[in-house]
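Asker: Build the full structure now, drawing on both the sequences and the hints.
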Amino acid sequence: MSKPRLALFDFACCEGCQLQIVNMEEEILDLISVVHPVQWREAMSEQSEEYDIAVIEGSITRPEDEERLRRIRERSRFLIALGSCAATGGINNLKNQLNLKEAQRIVYGDAADMPHLDTDSTKSVDEVVLVDFKVLGCPIDQQEFAYIVRCLVLGKTPEIPTYPICVECKLQENTCRYEHGEICLGPITRAGCGARCPSQATWCFGCRGLSDEPNVYAAREVMDKYRKTPSDLEERMALFCSKPRYDHE
Amino acid sequence: MSKKSINIQHVTRIEGHGNIVVNAGDGHIEKVEWQVPEAPRLFEAMVLGRSWEDMQTIVSRICGICSISHSLACIKGIEAAMGIVVSEQTDKLRLLAHYSEQLQSHVLHIGYLVAPDLLGAKSVVPLVETHFDLVRLVIKLHRQANAWSDLLAGRTTHPITFKPGGFSKVPAEASLRDLHAGLTNLIPDLKTLSSVLLSLADKLPAFERETEYVALRQPDTYTFYHGQIGSSDATETVPLNRFETVVNEYISPQSTAKWARWHRESYAVGALARFNLNSAYLSPLAQEVAHAFGLRGKLTNPYLNTVVQLVECAHIVETSLALLDSLLTAGVQPETPNVKPRAGEGVGCVEAPRGILFHRYAFDAQGICTAANLVIPTNQNHGNIQKDFEALVPQIIDRDEEEIKLWLEMLVRSYDPCVSCSTHYLNVEFV
Amino acid sequence: MSIKKINQESLYSWVDSLIRKQRVYGVQANGERFAFAPLTDARLLKLDYDVTILPPKKYLLPQREDLMEFHIKGEYKSQVEAEPFILFGVHPYDVAAISQMDSIFCADNYDVNYMSRRHSATIVACDVQKASPNVFAGCLNTATVQEGFDILLTNIGSQYLADARTAKGEALLKDLSGDTPTAQDLEKREQVWENNQRLLRKHKLKCHPDELAELLDRSYYNPVWEEKAKRCFSCGSCNLVCPTCYCFDVQDDLNWDMETGKRTRAWDGCLLRDFAAVAGGHNFRRQRADRYRHRYYRKGKYIANKLGKIACVGCGRCIDNCVPGIANPVEIYNRLYMSQKNIYVPEPATLMRVLPMTSQETFYEVRLDSGRELGHEPGQFVEISLPGMGEAPISVSSSPTQTGIFQMVVRKVGNVTTALSKFKPGDKIGVRGPFGSQFPVHDLMKGKDILFICGGIGLVPVRSAINFILDNREDYGQIIIMYGYKSPSERLFAKELDAWRKVPKLTLLETVDCPDDTWTGNCGVITTLFPHIKVDPARTSAIICGPPLMYRFVVAELARQGFTDESIFVSLERRMKCGVGKCGHCQINNIYVCQKGPVFKYADIKEVMEAL
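Those sequence lines, one after another, are chains A, B and C. Residues 1 to 249, numbered by our numbering, are exactly what the first sequence covers, in order. Residues 1001 to 1431, numbered by our numbering, are exactly what the second sequence covers, in order. Residues 2001 to 2612, numbered by our numbering, are exactly what the third sequence covers, in order.
Worth double-checking, as some hints may not be accurate.
Computed list of chain C residues with no C-beta within reach of chain A, every gap over 10 Å [what the hints assert, rightly or not]:
(1) F2070
(2) E2211
(3) Y2297
(4) R2298
(5) F2363
(6) D2449
(7) E2566
(8) A2603
Sample of chain C residues at the chain A side, in silico, Cβ under 10 Å [what the hints assert, rightly or not]:
(9) F2036
(10) L2240
(11) P2324
(12) I2326
If you're looking for bench data, these hints aren't it; they were derived computationally from the structure. Note that this is a predicted model, so its numbers are computed, not measured. The beta carbon of each residue, even a glycine, is placed where N, CA and C say it ideally should be.
Answerer: See the structure below:
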């Protein structure tokens, strides 16, 4: 069996998720023993339009990007959304809460009307094309990415946690951030990162998006107990949890 | 001369998207253009109305490669706005975290992005077969730099531990001792990398163009983190809160990123600028590396930026060892920041690996952001890249297309641009 | 088997010698809380911990363990771990939990992965020295244990007793230099055990644990499941921190060679959404309430039926770690218990002691005939029933730390109380309750200085709080008690008051309205005592209980002193007929005093018409 060919494409994002692949260090050698990278602009000058697996990084924010994405989908057997920007829209969703013309004026001033500065609202990749697998997180977890790639090559659906971060946080024996008077999104955010932020003594800001059937009602209810308000919770959820869905099947 | 049409859409092995467009024919050059068509992300608007507590989390997402620099500039900006003073320990730990990112980013740039050009390869992938020892060396340096960031920032990309007023969690002394040992081990590796790069130095194009160089300056220090704004065209430094008078941003029709100019039409930031302003204060090992490459006085070949990054790697490792010694002598105390928001406006500034970075914020009494202005190093370099092209293309227009393409791409790469920060893109087009 | 008496230093050098020989996992500080972790230095041990975040089960059933290595061609290689180690400082309730896990993994299908690790373990138990905020081991008979460990350490003051109960323990103890304990030392240990059984009851179970299985049998449709589950995050925290939860998931992962790999098992939790989901998508416990209920059934019924003991040891970790605060098993089981009963029917009780205190007031000590604890908190009341006479609400005067009985002091003013004043020890009465709110000894008052201001019979309920605080002395700061009464002959609890005067960091000030010839103390209303005290209002909670007239003056004085309305607590008297928030007699505005009161935060009722 020949190795599946993998191509990586970046859209609107910080490219930190591809960097996590570079950060696999020696393990990249293992990765390229399983898949054959044929296009990866940030790391390679080689380019091929023949590939089996397309990895998409970043959110879709312009009509021409949607076109490009559809062409990629047509050419690929599998499509992976890499990182929160691609999988859920990520931090770029904040843009959707703005009046775009107004926002462009804030950033570009009087030049905002120049046509090349146009941008649409943020879309996650699955709002444009069919996505086979999502690698969540801002940035992604290298081990989870590696696991998903191995599953894909093996022909198995990866088992990504459907439960909230609290599970992993308890396993790390962290003190609950609510005991420190912080609003932590751990109880409604999908696990899989090993409770990275609470383990560094700060709140989870929900970069992996909401868990399956998150109890947002309970999260709002609980604010009173910790002397916060539901709008405090919503402010924090606006960063990464404004799109309440993720279907991993 | 035949008509040349070179069109490089999305220059590779750089962070973000950029195009190079050159139209040349019949003995004259019609158009030489550096274009930045990266998708606009509008961070300065996205932070408005957000809480000071979430600010660092949002703006670190501007760039995956220099997220630590963005976070630190943000935190320093918040602290300046709210009159927050941090402990000496916090200051040292942040500097240490900042150094880790410089090393991480420089090694990535030298080893993964530039080395293939010098070795005639398209990427690091074929080098695994042909130059395995070099690849292994680069991986080792990169891994150590990342482990270092992990320890201080909680992770290498998008730091977790940085908070206005201090750290959510400080590293254990035992881990800092391990780091000290790890960094000590890197010194021979840096020497090896230096000799490998020295043997390839003649592959760097000889091209000189003097320009204005802008970087942080701090007395008697090769600074990345403290100080005021300095320029090769000025004797006086400018206080950080007047950075807008330095960058003079404007919008170019070629770019979704903003451009900048100060005393001249353009200026350069980054390792080369830092070197030109502060090389007298490099550490002994860094001086040694600089000497080996014959780097002296004002450097005006932009392709040397990569070499200066290597010099900086030596400086960073050596300086960090001293910093670790002083931290360990004093002992690391657990400190939990206890900060209340207040209204104010302030500027935070650091040298990102690819040049000076400015963040300005204004907050209301509840700590809600009411204004932001973020000026990224690559924005400041865009104009200078354009001027370099205009000077370089006539000198090489008679060479064959592949070589021209390579030289232009290598020029862009040498600036180590971070286009997604500045917003994102690269392309070369000869028509 | 031997017992040795050792001091702190020889304990340290013994532990250090153990560390050199074996892996030792001991309790250490983990941020503000505690955790079992590999021990490198005896001085890092924190044997005076309250509770660890995760129970020590993590070393017997690791969070993740390899069951086997495999090759995709179909070869399996079993992985079983068996390196000896010591678990140091295990609390009795966790010992009880480990014993229960042993029965589970040993029974039916012998789990060699667990059992080989279990056999490799030496357990050094340690009696609890500081009660955790939510421990209720005392209600489940796990506050102390006599088996299931190899060595038991007990702090008897400045020294420890180390008691080896197995050959393994005996072997370890060989290296420990110590004295033979005296009879007095052993008596001190008995006292520690007795205290712990009494004190490790931050929540009180109203029924006997053995009744739970049957109780649950009748509670499947109780509305409590839906009500609580609405606020459940399905985060599994209660599962993960539970010392008796052992469910796991099994998963495969391939290595990069895409041929070899591992099958591992990892902790799972029945509260998690997909715990009972099958391939194809059907979920057998689809609703949050299904999963929430399942946990209580499993703990209280399924395991109880299998092992004869419920799967709860009262460590309180599930309560500690539940963000929305819905995981308190005692609260749930008590709710179920109460909802099975006709709430208006009293339960029989017997007067154990009857002592006249003043001409009007009599002291009673009562035992419930069922043998169960009353399960009250300081500040709560009961309805005392005399058939034919009726019922009367009476404050409980004893501290919940006093087990087996409860006490009250009754002034004869009506039909019931006058009849009661003629009762003798051995006479039967009826009891309903406890009812109402409590002085916030578990939260708001904790860590604070406390100022008690009592007028006359107001001392009766306050005495419950005072004695509770004295039994948990390290949780509170200075205590000042102001006690005013009409005349010296009406002084209640005379002996006890004299004893309190000798307690460190406790100031008792008394005043009378009408002195007699013998009186040498302060005269005048209770506010005349204020010039004699010094308090820092910022770190003090004030508790007021007395005749209605007193409140206005005392509150005004406290405000002058700088107390905020948030730091003042008052106990109100109303006609509380049913005690269960139905009959309406005690209602003030929208508040039922028998439910939301009798203890109120002043800030909460200040603006309520008719309250004061």
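Asker: Taking the hints in turn, state whether each one holds.
Answerer: Comparing the hints with the structure gives:
1. Listed as a non-interface residue, F2070(C) keeps its Cβ farther than 10 Å from every Cβ of chain A; the least gap is roughly 13 Å.
2. Distance to chain A confirms E2211(C) as a non-interface residue, since its nearest Cβ pair spans about 31 Å, more than 10 Å.
3. Listed as outside the interface, Y2297(C) is consistent with that label: its C-beta sits roughly 21 Å from the nearest C-beta of chain A, beyond the 10 Å cut-off.
4. Listed as outside the interface, R2298(C) is consistent with that label: its C-beta sits roughly 18 Å from the nearest C-beta of chain A, beyond the 10 Å cut-off.
5. The claim that F2363(C) is not at the interface with chain A holds, since no C-beta of that chain comes within 10 Å of its own (minimum 40 Å).
6. The Cβ of D2449(C) sits about 23 Å from the closest Cβ of chain A, beyond the 10 Å cut-off, so the non-interface label holds.
7. Separation of E2566(C) from chain A is adequate, the least Cβ-Cβ distance of about 12 Å exceeding the 10 Å criterion.
8. For A2603(C), the requirement that its beta carbon stay farther than 10 Å from each beta carbon of chain A is met, with the minimum near 14 Å.
9. Using the Cβ-Cβ criterion of 10 Å, the hint placing F2036(C) at the interface with chain A is satisfied: the shortest such distance is roughly 9 Å.
10. The beta carbon of L2240(C) comes within 4 Å of a beta carbon in chain A, closer than 10 Å, and the hint placing it at the interface holds.
11. For P2324(C), the interface hint holds, since its Cβ comes within 10 Å of a Cβ in chain A; the closest pair sits about 5 Å apart.
12. Hint on I2326(C) holds. Least Cβ distance to chain A is approximately 9 Å, under the 10 Å limit.
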